[in-house]
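**Student:** Fit chain Z with the ligand to the supplied structure of chain S, relying on the hints for placement.
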Amino acid sequence: MNVAFINPFITAGVEVIKQIVGGEVEQGQLSIRTAIFTTQQVSIVVGVSGPVQGQVIYGLSQVTATKIASAMMGIQQVEFDEMAISAVSELGNMISGNAVMLLSESGFVCDITPPTMVRGMNVEIATQAPSLLVPLYTKCGKVDITVALSAVPSPVTA
Amino acid sequence: MAKILIADDAMFMRASIKKILTEGGHEVVGEAEDGQDAVEKYAVLAPDLVMLDITMPRMDGLAALAAIVNANASAKVIMCSALGQEQKVKEAIGTGARDYVVKPFTPQKLLDAVNRALAMP
Ligand SMILES: [Mg+2]
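Protein chains in written order, with the working numbering: chain S, 101 to 258; chain Z, 8 to 128.
In case anyone wonders, no lab produced these hints; they're calculated from the structure. C-beta atoms are modelled at their ideal positions from N, C-alpha and C, and glycine is treated no differently. There may be inaccurate statements among the hints.
To be verified - Distance ranges between label pairs, derived from CB positions:
hint: 1; chain 1: S; residue 1: T134; chain 2: Z; residue 2: R123; range: 49 to 59 Å
hint: 2; chain 1: Z; residue 1: A126; chain 2: S; residue 2: S206; range: 49 to 59 Å
hint: 3; chain 1: S; residue 1: A226; chain 2: Z; residue 2: A126; range: 44 to 54 Å
hint: 4; chain 1: S; residue 1: A104; chain 2: Z; residue 2: E47; range: 26 to 36 Å
hint: 5; chain 1: S; residue 1: N222; chain 2: Z; residue 2: M127; range: 49 to 59 Å
hint: 6; chain 1: S; residue 1: G122; chain 2: Z; residue 2: Q94; range: 27 to 37 Å
hint: 7; chain 1: Z; residue 1: T113; chain 2: S; residue 2: T111; range: 34 to 44 Å
hint: 8; chain 1: Z; residue 1: M127; chain 2: S; residue 2: T134; range: 45 to 55 Å
Looking at chain Z on its own, in the form it has when it is part of the complex:
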């Protein structure tokens, strides 16, 4: 069981992802509504993993990813975005994201990505 932080500006997505992760045996320790909120909650909660949306107000997910990885080089972050273009995926992976899940996704696809990232060193 891993402690996971969910960051997505859509309340609906936070609830959906939380349900999938909880049913998958994980614990959701926090929810963030934008990138800035995610960076702040990451520092306070020190979760094992972050599920990070990209299109969010105030600070987008790619900027939040850079800040989180800058604070902790071994941070495990999975991007979870409706934007699936190669350029975004490359930027995210290059910045340090462990995986990239394009919305919409199936619960299994999300859990597989989470379990793969958790198994990484």
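Bound conformation, chain S alone:
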């Protein structure tokens, strides 16, 4: 996978989390993933389509997800209920939307699908492209961003 495709997601991830969750956000070590198994309790999957396509998966523990939802809602959320799920899913939507805005500045004008949440560990998520993982360390805990995107070859115009 083109490493350039993950950078917009890191930048957008840091900025969006700082803005709506608050606190500092630090980027961890980038690593390559061969197969996608959810290693976290909560995964938010967003599809990307256009000249760059594939999936982006945001993985976090349920404790982190609940803390993030609390911060977004401005109330102390104890349970990971429907509203908390919606908040964390929307975080995935916002990061992805802001990231594809950055991608469009490099000439890749893409669209995203509504986020879907997968719960449970060791669930296999099929991705077409090899993927890169980068953890973001937030005040609520770790958010793993897995980016499995590839450029679609442009049609030959002779």
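**Tutor:** Okay, now just chain Z with the ligand, sitting in the frame of chain S:
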């Protein structure tokens, strides 16, 4: 005080926007979960303004915008989306959206956009 319809597939966003608008002195008359729902509720509720998300299942916000503007050429619609690329903004404004707010936003930014759109003819 304006009557506003909120369309967003995320329950969290509908609740957040509703709180901001209500505290800003407006009345939220309805909530829609996707574009199709927004078009149908627009026809029934005839709100003064619509806050319309783009990335939604079933029918996206740009298709819903076209349908709403087609039904009422003077409809006031503000797009409210995480997608902020120039191409989307141009398409939305070209179709008839009065403003475009990129998520995440501050309450003030949202209210300013709403009040500007309401002041338009
Ligand atoms: Mg949405």
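**Student:** Work down the list of hints and note, for each, if the structure agrees.
**Tutor:** Comparing the hints with the structure gives:
no. : hint                          : result
1   : S:T134 <-> Z:R123: 49 to 59 Å : 51 Å, holds
2   : Z:A126 <-> S:S206: 49 to 59 Å : 37 Å, violated
3   : S:A226 <-> Z:A126: 44 to 54 Å : 50 Å, holds
4   : S:A104 <-> Z:E47: 26 to 36 Å  : 42 Å, violated
5   : S:N222 <-> Z:M127: 49 to 59 Å : 53 Å, holds
6   : S:G122 <-> Z:Q94: 27 to 37 Å  : 31 Å, holds
7   : Z:T113 <-> S:T111: 34 to 44 Å : 20 Å, violated
8   : Z:M127 <-> S:T134: 45 to 55 Å : 54 Å, holds
Going through the hint list in order, the structure does not satisfy hints 2, 4 and 7.
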